[in-house]
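Enquirer: Residue numbers (this note's numbering), protein chains in the order written: chain A, 1 to 304; chain B, 1 to 304; chain C, 1 to 304; chain D, 1 to 304.
The set of hints was computed from the structure by calculation and includes no laboratory data.
Hints should not be assumed to be uniformly reliable.
A pair holds if it fits inside one copy or across any two, identical chains being indistinguishable in the list.
[Claimed, not checked] Below 20 Å or equal to it, Euclidean Cα-Cα: the simulated EDC-like pairs (lysine to aspartate or glutamate) are:
1) 158 with 183
2) 282 with 83
3) 282 with 101
4) 159 with 180
5) 158 with 180
6) 159 with 183
7) 159 with 182
8) 132 with 29
9) 282 with 103
10) 22 with 36
11) 152 with 186
12) 128 with 293
13) 128 with 13
14) 269 with 180
15) 159 with 13
16) 22 with 133
17) 128 with 9
Protein chains: 4
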Amino acid sequence: MDYQRILAEINSEISPSQFNGKVAAYIPELANVPADQFGMHICCLQGGNYAIGAQTTPFSIQSISKVFSLTLALLYEGTALWERVDVEPSGDPFNSLVQLEYENGIPRNPLINAGALVISDILVSHLKDPKKDYLAFIRKIAGNPDIDFNLKVAASEKKWGYRNSALINLMKSFGNIKNDIEEVLDFYFHKCSIEMSCQALAQTFLLYANRGCLLDSHEKILSPTQTKRINAIMQTCGFYDEAGEFSFRVGLPGKSGVGGGIAAIHPGKYSVVVWSPKLNPKGNSSMGMAALELLTTKSGLSIF
Amino acid sequence: MDYQRILAEINSEISPSQFNGKVAAYIPELANVPADQFGMHICCLQGGNYAIGAQTTPFSIQSISKVFSLTLALLYEGTALWERVDVEPSGDPFNSLVQLEYENGIPRNPLINAGALVISDILVSHLKDPKKDYLAFIRKIAGNPDIDFNLKVAASEKKWGYRNSALINLMKSFGNIKNDIEEVLDFYFHKCSIEMSCQALAQTFLLYANRGCLLDSHEKILSPTQTKRINAIMQTCGFYDEAGEFSFRVGLPGKSGVGGGIAAIHPGKYSVVVWSPKLNPKGNSSMGMAALELLTTKSGLSIF
Amino acid sequence: MDYQRILAEINSEISPSQFNGKVAAYIPELANVPADQFGMHICCLQGGNYAIGAQTTPFSIQSISKVFSLTLALLYEGTALWERVDVEPSGDPFNSLVQLEYENGIPRNPLINAGALVISDILVSHLKDPKKDYLAFIRKIAGNPDIDFNLKVAASEKKWGYRNSALINLMKSFGNIKNDIEEVLDFYFHKCSIEMSCQALAQTFLLYANRGCLLDSHEKILSPTQTKRINAIMQTCGFYDEAGEFSFRVGLPGKSGVGGGIAAIHPGKYSVVVWSPKLNPKGNSSMGMAALELLTTKSGLSIF
Amino acid sequence: MDYQRILAEINSEISPSQFNGKVAAYIPELANVPADQFGMHICCLQGGNYAIGAQTTPFSIQSISKVFSLTLALLYEGTALWERVDVEPSGDPFNSLVQLEYENGIPRNPLINAGALVISDILVSHLKDPKKDYLAFIRKIAGNPDIDFNLKVAASEKKWGYRNSALINLMKSFGNIKNDIEEVLDFYFHKCSIEMSCQALAQTFLLYANRGCLLDSHEKILSPTQTKRINAIMQTCGFYDEAGEFSFRVGLPGKSGVGGGIAAIHPGKYSVVVWSPKLNPKGNSSMGMAALELLTTKSGLSIF
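Turn these sequences into a full structure, and let the hints guide you.
Expert: Laid out in structure tokens, this is it:
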């Protein structure tokens, strides 16, 4: 497959200025990101990296980090994890407080905020120095020692994080948060503030395309079954209230973030990351979805 | 792949009596089906049929029929269909009345009852003689002129169908049902009463594994894009509130019914139908899910 | 208390054209009622009738009829009634389908539609010829043999009654409707179509101000305890999602209808009915509420 | 009316041990209160105090304090208050997070927790030294300089107050909390920890029976209209999800607390406080409700 040609075609057919949508505006650090940017990077398991645009520009990965924290929590907690968080799509166009309440503090899945807060609580229980150890894990699977938190973003998230505070307090009232709320929130907001480029993220997501193994060292991080579980969850829960639309249009498991990034994989074939900051009304990158749709259409390959 | 050997292994490793669960009991015709039955049938695109157990026994396909009516409605209505029904998972462990109300009578997807009622309304609008024409379509894509409604089941469904009446009346109050309610319900209940064996159903589902074409005649029923859309919807919405669990354990797009059947496909490879009447608490066949999980585990193939 | 003077003051201080609001428009018979009408009638227990405006014009009493059907159902069913309908305010700005579902088909109170449908079901069970017997009861407590259904209104209500059909089907699925749905709905829609003037309604509501006895004949219809229960329910549940506002502004138990009527009582003192068709956004007569507020303000008397 | 005789009859007819129910157990300070206690105190506007049982024993007034904070907030904020909190019953058997979310952070009324948190926020904005000034206000309207917080109760409430933290964070996310969350919660939990006896509380509630004036000094605290509003809110919202039941059984405006106290008034006649720690499943004192029902039944007087 001539991925470089496909990327060039995508780049010539669509551009950020054509897309509607707004940059996330709930914190100034995200609101100030120039809207009309675009980058895309593909890493193939059989070797080969293909890229276009601002693919080396770091951006705030935000909710994409939920995939990494789920990965690390699975390593520590194993299947016991699923007693504290479910694996079903949330289907809730509104916030998940309602569902949390009816389901006694058990979040629908680990990729919504409530679920990621429980995962953060689990990591705070297991990690000696949670922020430092988490960063070390990301750097390891990314093969990249420069990845770091953006402390200004973390501080801003915390300052405006009332809704996450509401979620975590509600879960604590149901007994599904074990650690101190402030400590878990601090870890959670740092986790979301990590900055990576399309290139670095695609490199990291290879793990999920490669049955849980690092490509270069062949080190096994996850078992094939654990990898399958994570991919299945990305497929059904990775795009807020647009998982069905993404499944159809793109047909790959993936995860988006409000920073405008989308990471996706074709199991056994490649990982791909696209970044463009303007978000559609459901919170996913407008141009990102279009670019990925073009990729699977032009390559004729999706999981369906 | 030696599917016949895999089926034999499944048959020797698990049996219906090992599984908990109850046969659907809301109408006598389903309640009286002997619980400890099991059949399974695989049709490969490259030729080859593999089967085991009661795979020629007809059973009530129930909600599996929703895939066929979605198919036929797409042929008549095209993408205009998506203005009247969404494509997102419902994530609602309860009945969908709540969600319908908040979303102004637009069902979350065509595979939940509310969505299938809208699809039925669309078919009643387009078909000259809805029940007869629908049956003709099923017989055609199944290549089987003997497929028929079970009129006793249809009558029983109607007699106890208060919740479906509530759903359709609510949608009618929002203007999302165009025809007479009684006529749509009558069509809907007939549609659900169709009886097919594992063999016949697997033969019919080949269509979705084969990019929308009938295997024998090469006649194109659906475009590849329409097929992909239907498969994506099955993946995210085909298993009530267990779509995530099914995605992980089995990893194939599919649809289950309260008659105990599950039809699934591996795009480009095969269709498979399993039937065993005992249902787990979420309404899916207990042994059916286990058998499909063994199939994808033993064959080492899933979409993830 | 010089009620006639107070009514004259109200009539000079406010007029229908000053009020915003729309006439109920879901059926043509209500939509065509001229908006700028107003009538008011007070009946004192100590004797004395005071009236102003179009107080002898018949209007559609609609939900005010729920008080009469509750009364008749209590006579037949006694306290067993409260096993099938609760007595708490619904507090739901939306339709009550959600609450019905979470509370297993038990309506919050007998003055919302769901509750009134259960009450209608109870009456259909007890009355030999429900519509005829119900009318006879109203005529008796009203002391007025001319009160009748408006058959065109009943037919229109039925034609557009999808939401009520949804409610009753949902309750039937929970087992809280015992009779045939069509028969109960037919009775319900007839009941709502009764037409009465302010004068006739005020005369009838004297019963609730007079501890359950007819004023002229002294015949006891309800026990004091039954009367107190009905009055308490009117106080907390009689005004859709505006019971709290009405309690404060007017401070009397009462019931409104979408025909623009409001009937209220001051226990031990008087009954009062006001009618003006324009409704505020919560479905209560705009001028009706203002007129009653002036009445209790000017008379210096409310229950608080 | 011979209230002392009525109290003696109540005392001989019912006793705490006859009643089912559990003492509030979410904090140890409440859980350790001996269950089988009972006290009752009536203050008449025309003079005369009548009492029985443990009527001078201080207990935790808990939610009854919401009436006092509403009173003080009305004095500072006037009708602008109603832009931040509604006056309708909540009708929600579950927690109010759901309703808060659908209604954009505006609580249904000032007597549920969410509403009382908004009221606390308003007081924190207006009072120079919130806890001290609030206590001074209570002491003044109570005519009792000894009333005080129970600091152990306040600390325990804070320690287990995750659900209140969830509520206040959610409202803060909607912009309906202006001050620092920790400061508002600290004030709120102190407010709930106030201890008063039946005697002291009844003395204080005379204000609401007396059109807003202190009985002894004739000092006007609230206008008659403000008093009427507060009484109307108590009538429709003062008993969690049992306001309708209380309206019927007792027929007086009032407010209960999980400490087992209930304060009620008969406007123009008397105030009454009853205390007995065992709570019914809806959170109101079992014996308290029975005792008040006997009072209005035996005296033949209620507002209905």
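Enquirer: What hint numbers does the structure not satisfy?
Expert: Of the numbered hints given earlier, those the structure breaks are 8, 12, 13, 14, 15, 16 and 17, listed in rising order.
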